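J.: Now for the letters of each chain:
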Amino acid sequence: MTREKIISEIKEKLGGKIKKFRDKSAGRVYIDIERKDLAASARFVFKDLGARFNTATAADHPDSIEIMYHFNFDRQALIVTLTVYAPKGDCAVDSLLPMMRGAEWIEREIHELFGVDFTGHPDIRPLLLPDDWPKDKHPLRKSCVLTDYNNEKAKRKKEGQI
Amino acid sequence: MSLKKKALTKSIGVFHLSTGSCNNCDIEILDCLTPRHDVERFGITLVGSIKHADALLITGIVNKQCRPILKKLYDQMPKPGFVIAVGTCSAGRGIFRNTYIVDEDEPLDKVVPVDVYIPGCPPKPEAIIDGIVKLIDKFNTGKGEKK
Amino acid sequence: MSHKVTIPIGPYHPLQEEPEFYKLVVEGEKVVDIDVRIGWNHRGIEKLSESKSFDQSAYLVERICGICSTSHPLAFVNAVEDIDGIEVPERALYIRTITAELERIHSHMLWLGLAGHFLGYNTVFMWGWRYREPVLDILEAISGNRNNYAMMKPGGVRRDIDENEIPGYKKILNDELIPALEMFKGAVLDDPVLGARLKGVGILSKQDAVDYSVLGPTARGSGYDIDVRRDEPYAAYDRIEWDVILREEGDVFAKTVVRILEMIESVKIINRCFDRLPGGPIDSMPKQVSPGDGIGHHEAPRGEVIHIVRSDGTNRPVRHKVRAPTFMNFPSFKKTVIGETIADATIILAAIDPCYCCTERLTAVNHKTNKMVYDAQKMIHLSHHKTWDLGKSMGFSDKELIKKMGKKIE
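Protein chains in written order, with this note's numbering: chain E, 1 to 162; chain Y, 1001 to 1147; chain R, 2001 to 2410.
Just to be clear, a hint being listed does not mean it is correct.
[Stated by the list, open to error] Only part of the chain E face toward chain Y is listed, based on derived beta-carbon distances under 7 Å:
hint : residue
1    : 130
2    : 139
3    : 147
Worth flagging that the hints you see were computed from the coordinates, not collected in a lab.
If you're wondering where the values come from, they're calculated on a predicted model, not measured in any experiment.
Every residue, glycine too, gets a C-beta built ideally from N, C-alpha and C.
Turn these sequences into a full structure, and let the hints steer you where they fit.
T.: Listed below in structure tokens is the structure:
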């Protein structure tokens, strides 16, 4: 199957579900879809077209969390990325388990680091963070700021503490 | 040389602990054992249990998950014993000092008392051996007090 | 080898109170379930990267994993270059390939040593790590450090290779390393005791490999033919001839074969790169990264490393996602170890070549009482025992086995 055939099959099957289609380069295609269409679209790309699930990336926006699912078509040197947005007031998407076994850990990671709920995930406990980490603090959101030692030290010096 | 001193410095059993590291320092520590550097000829061996250890070799940034383990192990180590901090991460967290997964005010030397720092990213096996030899010398000449 | 060597892959007393690191649930001698807790090496690198510039991030990602010190920076600079289509000079592409393949050799050699240790073949451990040293010498000569090379930057590489030194490097590769690799190939692949230990153990079927999306030698040992270097070439991989190593059986032996043959293939790639190294600049000096998304990947020794970088036109990444290969390979451990014996658990875990620190935290608990029955040190000892007993049952004498394993196993 050629690259063009894959793109045309995706466009045909997903049709109206595609909100935005970006053919960035020979190896990179980005497709925005609605949350509710995620499971069906992922099933088509993973099972029917036989892509390899690579990983999922989440990114923090002011009003929503963007989740990108990257699928590799190795023989055609193509990565197709399906993007959904979960609004922060209702931050949940469907889990892609048990269809895609490779999604188990990454959904747990995005859940703890960004605060996205994956409905239907059989075991959504934290993966990386310690047990006593506050459950409402999500480190990779922009609202969680890193300690800036240099500024802290300068402030304390100015105030005469050191 | 007192018996305690002799036992401590002549045949050092080293227990290695990684508290959140990239493993480079850990691999360089293992490299010390391998035929090119071969520290076993100096009597330095790695031990599998903290109860048999004379020295605690620590790598890594001491993240929140590993901090209680580090404290527990140090308490269980028979005293007197050395604490050796290997690598820039254990000396001062290096490039990771601003991360969210550590207790900012509690770097390694606030959790356990450190006897020698061997900086480097990673320190070469020669540097690690040099650090341990310097520690033994310091201890033998009485400059370093062990509690 | 007359004295005992203890490797720090052993029990820590805290494990006896918290048996929940990598917990194998066992019934008698068989593993019936596993529970995995990771996170002890979590350092928050993705968040830190947002506070560093693109140049600084390359230093940061080197320190994700010690042995993958070229893999992560190379995938990262591939991602940054993918945002904009930044051109990289030819000479830099070849230097990237040379560094990446040298790393593959010493990483697989490290794995071979550890696998030998888990099986009780301490001579394999010592010799494997001894032959890493010439490779690290070449890397030190090229980059200045045995690990953490700081070679990659967006747009090229940071250090050049001195043409006058190349004959010396080729001499090390051809006169020291190739005979050693051929020796390992014979000693490991033809040894009947190792064959009995490794063949048919921890089988991952091709369908499972696809379902779990595994990568690297774990996939290629199960007949799943993926290799980023061939599928979406980068660096100089499409400019020289080389072969992908593939095996069908899916057991630990197949993965061992893949790794050993990949080392031999890497030496060929490096030699060809040295021979065809073109002249010219090593850095295209990009001044700016436009807003956009970039995805870069690289076939690291353990599998595909992928970095996803988003830029907003400033000098820092807005989002930098890192996915190491062990993240995808590890869940397949559940599939391969259930039903196997405890004595084989350590070598099955080692077969996916996880981050070295991860293998320290293996325990086995009784399925009814949840009390720990074996810690990692005991499981390794069980594995040594199994090798010894197998050897005896195959007719080898004590003396012959001591020669292979370094000591008698009681």
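J.: Would you mind marking each hint as holding or not holding in the structure?
T.: So, going through the hints one by one against the coordinates:
1. 130: holds (5 Å)
2. 139: Holds. Min distance 5 Å.
3. 147: For residue 147 of chain E, the interface hint holds, since the closest Cβ of chain Y sits about 5 Å away, which is under 7 Å.
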